[in-house]
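Protein chains: 2
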Amino acid sequence: MPDYKAPIRDLKFITDEVLGIHQHYASLAGAEEATPDMVDAIVEEGAKFAERVLAPLNQIGDQQGCHFDNGVVTTPEGFKEAYQQYVESGWPSLSHHTDVGGQGLPESLGMMVTEFVATANWAWSMYPGLSHGAMNTLELHGTDEQKQSYLTKLVTGEWTGTMCLTEPHCGTDLGMLKTKATPNDDGSYSLSGTKIFISAGEHDMAENIVHIVLARLPDAPAGTKGISLFIVPKFNVTESGEVGERNAVHCGSIEHKMGIHGNATCVMNFDGAKGFLIGPPNKGLNCMFTFMNTARLGTALQGLAHTEWAYQNSLAYAKDRLQMRSLSGPKAPDKAADPIIVHPDVRRMLLTQKAFAEGGRAMIHYCSMLVDKVKAGSDAEKEEAETLLSLLTPIAKAFLTETGFESANQGLQVFGGHGYIADWGMEQNVRDCRISMLYEGTTGIQALDLLGRKVLMTQGATLKAFTKIIHKFCKANDDKALKHLVKPLAALNKEWGDLTLKVGMKAMKNREEVGAASVDYCMYSGYVTLAYFWARMAQVAQQKLAEGTTEEAFYKAKLQTANFYFDRILPRTKAHAEMILAGSDSLMSMDEEQFFLR
Amino acid sequence: MPDYKAPIRDLKFITDEVLGIHQHYASLAGAEEATPDMVDAIVEEGAKFAERVLAPLNQIGDQQGCHFDNGVVTTPEGFKEAYQQYVESGWPSLSHHTDVGGQGLPESLGMMVTEFVATANWAWSMYPGLSHGAMNTLELHGTDEQKQSYLTKLVTGEWTGTMCLTEPHCGTDLGMLKTKATPNDDGSYSLSGTKIFISAGEHDMAENIVHIVLARLPDAPAGTKGISLFIVPKFNVTESGEVGERNAVHCGSIEHKMGIHGNATCVMNFDGAKGFLIGPPNKGLNCMFTFMNTARLGTALQGLAHTEWAYQNSLAYAKDRLQMRSLSGPKAPDKAADPIIVHPDVRRMLLTQKAFAEGGRAMIHYCSMLVDKVKAGSDAEKEEAETLLSLLTPIAKAFLTETGFESANQGLQVFGGHGYIADWGMEQNVRDCRISMLYEGTTGIQALDLLGRKVLMTQGATLKAFTKIIHKFCKANDDKALKHLVKPLAALNKEWGDLTLKVGMKAMKNREEVGAASVDYCMYSGYVTLAYFWARMAQVAQQKLAEGTTEEAFYKAKLQTANFYFDRILPRTKAHAEMILAGSDSLMSMDEEQFFLR
Chain A
1 MPDYKAPIRD LKFITDEVLG IHQHYASLAG AEEATPDMVD AIVEEGAKFA
51 ERVLAPLNQI GDQQGCHFDN GVVTTPEGFK EAYQQYVESG WPSLSHHTDV
101 GGQGLPESLG MMVTEFVATA NWAWSMYPGL SHGAMNTLEL HGTDEQKQSY
151 LTKLVTGEWT GTMCLTEPHC GTDLGMLKTK ATPNDDGSYS LSGTKIFISA
201 GEHDMAENIV HIVLARLPDA PAGTKGISLF IVPKFNVTES GEVGERNAVH
251 CGSIEHKMGI HGNATCVMNF DGAKGFLIGP PNKGLNCMFT FMNTARLGTA
301 LQGLAHTEWA YQNSLAYAKD RLQMRSLSGP KAPDKAADPI IVHPDVRRML
351 LTQKAFAEGG RAMIHYCSML VDKVKAGSDA EKEEAETLLS LLTPIAKAFL
401 TETGFESANQ GLQVFGGHGY IADWGMEQNV RDCRISMLYE GTTGIQALDL
451 LGRKVLMTQG ATLKAFTKII HKFCKANDDK ALKHLVKPLA ALNKEWGDLT
501 LKVGMKAMKN REEVGAASVD YCMYSGYVTL AYFWARMAQV AQQKLAEGTT
551 EEAFYKAKLQ TANFYFDRIL PRTKAHAEMI LAGSDSLMSM DEEQFFLR
Chain B
1 MPDYKAPIRD LKFITDEVLG IHQHYASLAG AEEATPDMVD AIVEEGAKFA
51 ERVLAPLNQI GDQQGCHFDN GVVTTPEGFK EAYQQYVESG WPSLSHHTDV
101 GGQGLPESLG MMVTEFVATA NWAWSMYPGL SHGAMNTLEL HGTDEQKQSY
151 LTKLVTGEWT GTMCLTEPHC GTDLGMLKTK ATPNDDGSYS LSGTKIFISA
201 GEHDMAENIV HIVLARLPDA PAGTKGISLF IVPKFNVTES GEVGERNAVH
251 CGSIEHKMGI HGNATCVMNF DGAKGFLIGP PNKGLNCMFT FMNTARLGTA
301 LQGLAHTEWA YQNSLAYAKD RLQMRSLSGP KAPDKAADPI IVHPDVRRML
351 LTQKAFAEGG RAMIHYCSML VDKVKAGSDA EKEEAETLLS LLTPIAKAFL
401 TETGFESANQ GLQVFGGHGY IADWGMEQNV RDCRISMLYE GTTGIQALDL
451 LGRKVLMTQG ATLKAFTKII HKFCKANDDK ALKHLVKPLA ALNKEWGDLT
501 LKVGMKAMKN REEVGAASVD YCMYSGYVTL AYFWARMAQV AQQKLAEGTT
551 EEAFYKAKLQ TANFYFDRIL PRTKAHAEMI LAGSDSLMSM DEEQFFLR
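Chains A and B, in that order, give the protein sequences.
All residue numbers for the first sequence refer to the UniProt record's numbering, where the first residue is 1 and numbers rise by one.
All residue numbers for the second sequence refer to the UniProt record's numbering, where the first residue is 1 and numbers rise by one.
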């Protein structure tokens with residue numbers, strides 16, 4: 001049976017010692033309650049809930065899956081009860097405004113708990129995860145009345161939310177969507193159409209479901225500029241705010257899919273369902289971006305979650321499993337063979353996962369602290385945070401899910417043939433992880449967003465905002481102890497800019513160069529970004545060791561993992577750099593028919 | 001519904017035009033029957049069987065899986081009937097000796113048919129696949145009587161075979177195995193023990209199953225030098241060669257696993273089962289290597305199979321699916337959006353699969369022609385072929401399965417979110433493929449075999465045998481038309497030797513360096529090897545175009561794919577080269593306890 005232990009020490013190292021979250025809270029408006037003691041208490045309670053309630057349901061969720069019967073979806077055994085407990089403990093309200101019943105704590109504190117919840121049981125975590133996105137959308141774009149009717153119930157967790165974008169003929173290309181919203185006399189709208197891939201679209205965990213739906217008004221312009229956003233509740237809400245009549249939105253079926261079986265992926269049929277416009281007409285896609293950015297960071301977190309799960313479980317196995325002797329002589333001569341953790345290639349696989357888990361953790365929580373600043377910082381802080389987030393969100397989403405899938409597979413690989421057997425839970429981790437590179441925009445879409453929209457369209461301004469930070473760090477830490485990390489980081493940081501310039505020049509002549517370079521550019525960016533976080537972690541560890549500490553082994557492990565990352569992972573940038581500049585010719589020269597000649 | 005069309009044209013290009021298989025058969029002893037017409041006829045019949053009978057069962061096999069009930073295993077609907085048809089058509093006997101009822105055709109011709117069979121339905125193909133390995137073992141090591149009793153029935157396909165190595169506590173480390181064989185008075189042995197992960201260990205497709213089993217004699221030395229090989233039939237065989245009494249070997253359960261659901265992965269309990277020694281006592285592991293080498297090439301083929309399946313199905317989808325406009329302006333202005341094949345990143349994913357499929361096909365069939373020479377060549381041919389095969393088998397197994405998994409995932413990725421949905425068959429392809437990097441020796445084990453045993457232990461002699469061939473090719477083709485491929489190939493070929501020397505020097509001081517470098521070394525070797533085959537294919541295509549051809553588009557596509565491979569895949573060698581030399585320090589410096597500090 002796989003198991004999960006929340007890595008509290010590591011989270012504290014990253015958020016407190018490296019990212020300085022307590023200073024951050026001390027200066028953040030409205031974060032007065034987030035004192036160090038409060039943060040510790042919340043993190044510890046979150047860890048307990050994740051470890052004790054959610055982790056044991058992870059494998060059950062996969063095995064039982066969700067069941068569909070005539071419009072009704074039943075979640076796996078224990079899911080409903082766990083959700084009840086989650087609601088009773090007040091978790092949904094953690095980082096929402098006090099004026100809608102929230103606890104008003106920072107988004108980043110919520111993210112710490114969410115990391116544990118997500119790692120313990122990703123499929124389960126998607127139910128509250130989708131709600132969180134819906135809440136953020138309503139908070140920003142809803143009217144006071146809409147907030148009162150829907151947001152308060154989402155904040156308590158009594159109701160859950162969804163995000164209805166995709167249709168059978170369009171996912172990435174939302175400009176093509178067909179769902180129609182016809183105005184009614186009472187100011188509401190009647191929505192008709194079919195949405196697919198609606199996570200948590202129907203379930204038995206809450207008394208109502210609030211769908212956030214993209215649809216077209218009758219007079220809407222074609223394409224993405226004619227899309228509006230609507231609230232469509234499963235049950236209409238009475239004037240007193242209670243659950244009323246059933247609305248004409250129904251789950252037509254659930255998908256049979258590779259993984260995340262515990263989460264219901266629904267086909268939702270809107271048959272003249274009653275809905276309410278959120279935000280201005282035809283500006284739905286803009287409003288939806290709020291949701292999508294939250295969701296993209298949430299999906300980046302999924303990469304971290306499966307990496308952490310893979311690491312913990314493959315590490316435990318590598319310590320126990322006896323097989324072959326060490327190449328340099330027996331290490332456990334009293335046993336029939338050495339534990340496989342002695343073998344360099346097994347260590348390579350474990351350290352790869354460790355480097356991605358801890359580096360990814362730093363990246364995620366750094367981003368969520370930026371989200372705090374966007375929400376509650378000064379104007380200048382807000383602007384800088386928005387710029388950085390606009391760059392780092394597609395990187396985090398694409399890079400952490402790609403490396404998450406690699407890590408999940410490395411974790412499975414450590415188990416040898418046993419990794420392929422369901423009991424051990426490693427193959428589920430791979431299957432569950434696989435969706436993360438697809439939904440909320442595929443890796444290819446993130447990469448285009450990064451290189452095309454975020455970097456080139458700003459003439460490199462967003463990139464410079466981040467490389468300047470790396471540059472400052474490198475200048476400040478170019479001392480003997482860290483030189484072996486800082487020097488290559490500084491060189492990569494410079495190369496990042498140079499490559500961007502070169503691709504930009506090419507793209508001016510030929511737009512296809514952007515698409516040709518994008519995924520390699522995105523992965524390259526991810527490796528450099530992670531190198532920055534590893535260098536920062538190493539710097540703190542180095543300092544702690546210099547000052548003297550009772551946790552010498554812990555800090556040394558940070559330095560060793562940083563060394564591993566620079567020695568054994570970072571060389572991948574060499575390949576990506578070359579492929580970024582390889583140009584579009586060898587991609588574009590083949591005619592469509594030629595692909596089929598074989 | 002996924003579909004499969006046997007790539008006959010491509011196979012002919014590779015085996016005939018590039019590898020010169022007809023000249024090879026003309027000079028191969030015993031291959032007189034394998035005339036070009038005969039080869040064509042067999043390949044076409046094999047293609048039909050794969051496309052019409054097996055491909056339609058692939059998804060059914062996954063959905064239904066095998067069922068276990070009290071020792072009896074039922075295979076999915078249609079599997080049994082397909083096997084019957086396979087037997088009736090004489091496929092099992094194709095490449096086996098005429099004196100045991102075989103057709104005496106070359107192994108490599110069998111491999112062509114097997115490629116189609118395996119791609120159409122990997123899980124099904126494992127039943128005859130395991131038999132094939134058992135037959136090869138019996139052919140080489142069995143007594144005449146054993147051949148008469150068992151081999152003839154395996155050759156007709158009336159019975160199937162297995163390979164029983166793994167036990168719960170040992171897979172890679174067979175020296176630890178515990179299954180006991182106690183001699184009986186009649187010259188037979190009683191075998192007791194438990195074997196796991198026995199593919200096709202029990203099923204309903206044939207009237208008897210011949211298990212090839214590793215076990216220890218009572219006086220056997222410890223470790224790998226005390227392992228003997230036995231035949232243990234499911235039903236004992238009567239003197240007249242018919243199926244007799246049930247033997248004491250039973251299937252205890254079947255595994256619930258990630259994929260290849262159509263193949264039964266069995267726990268086999270030997271409770272004093274009657275068995276017969278094959279080969280000399282305590283030399284079982286040596287005899288088993290015959291089986292294992294066949295099986296390793298067979299598993300390399302699995303990588304190709306899933307790559308080909310991924311390519312064909314994602315290509316069809318990319319042509320049909322309309323989403324977004326091309327970056328350089330609409331390509332299908334009459335449609336709601338452009339087919340996604342216009343997008344450079346989709347092309348990158350398709351071409352990656354195409355390059356691995358066609359390059360892998362060349363590698364596989366090149367190897368199987370070497371197998372022909374080992375079986376029937378002159379002494380000198382045999383020696384050279386054995387040397388090359390000893391080098392190329394671990395490369396093909398590790399590299400083609402790793403790139404096969406990458407390709408399967410790229411294929412899924414082309415489908416976006418739909419790739420995650422079972423109906424499309426792409427997620428099954430990923431799940432089925434995942435086992436290939438684990439069984440028959442994990443990637444890590446292949447890599448150690450390659451670098452440690454094959455390359456360093458022979459002082460680089462096996463490597464030189466192959467790099468010399470590449471060197472000759474480069475010298476002979478360093479003309480203008482191919483320079484852009486031949487130059488980098490020659491440079492890599494030289495670097496391959498240099499890297500080997502450097503690792504060898506390091507390994508003399510510290511054995512852990514071998515394990516630290518091995519997987520990167522193996523992948524590096526794979527990329528260079530594939531570059532050689534792509535250069536050869538380009539050379540032939542170039543020549544055909546120069547001579548004038550009606551298939552201009554076909555040959556140009558070969559050149560374009562070669563360019564793609566060199567531009568966009570081969571840069572990966574840069575990263576691997578650096579990681580090969582990164583040393584073992586950052587892998588070995590962390591204490592076991594430190595991994596857990598978080």
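Just so you know, these hints were derived from the structure itself, not from any lab.
Check before you lean on any hint, since a few could be wrong.
If several chains are the same, the list does not tell them apart, and a pair holds so long as it fits within one copy or across any two.
Unchecked claim - Derived pair list, reagent style EDC-like, types lysine to aspartate or glutamate, alpha-carbon separation capped at 16 Å:
(1) K556 to E593
(2) K283 to D219
(3) K283 to D144
(4) K335 to D498
(5) K502 to E593
(6) K506 to E33
(7) K509 to D204
(8) K556 to E592
(9) K556 to D591
(10) K464 to E45
(11) K319 to E593
(12) K147 to D3
(13) K468 to E495
(14) K483 to E384
Since the structure is predicted, the reported quantities are computational estimates derived from the model, not experimental observations.
Okay, the hints, checked on the actual structure:
1. K556 to E593: Between. Shortest inter-copy distance 12 Å satisfies the 16 Å Cα cut-off; intra-copy 57 Å does not.
2. K283 to D219: Close inside one copy (13 Å), not across copies (82 Å); limit 16 Å.
3. K283 to D144: Answer is neither: 19 Å inside a copy and 82 Å across each miss the 16 Å cutoff.
4. K335 to D498: neither (54 Å within a copy, 39 Å between copies)
5. K502 to E593: neither (32 Å within a copy, 46 Å between copies)
6. K506 to E33: neither (51 Å within a copy, 57 Å between copies)
7. K509 to D204: neither (55 Å within a copy, 63 Å between copies)
8. K556 to E592: Between. Shortest inter-copy distance 13 Å satisfies the 16 Å Cα cut-off; intra-copy 54 Å does not.
9. K556 to D591: Classified as between: cross-chain Cα gap 10 Å, same-chain 55 Å, threshold 16 Å.
10. K464 to E45: This pair counts as neither: shortest intra-copy Cα distance 39 Å, inter-copy 61 Å.
11. K319 to E593: Close across copies (10 Å), not inside one copy (53 Å); limit 16 Å.
12. K147 to D3: For K147 and D3, neither the intra-copy (39 Å) nor the inter-copy (50 Å) Cα distance is at most 16 Å.
13. K468 to E495: Within one copy only: 13 Å inside a chain, 37 Å across chains, cut-off 16 Å.
14. K483 to E384: neither (29 Å within a copy, 50 Å between copies)
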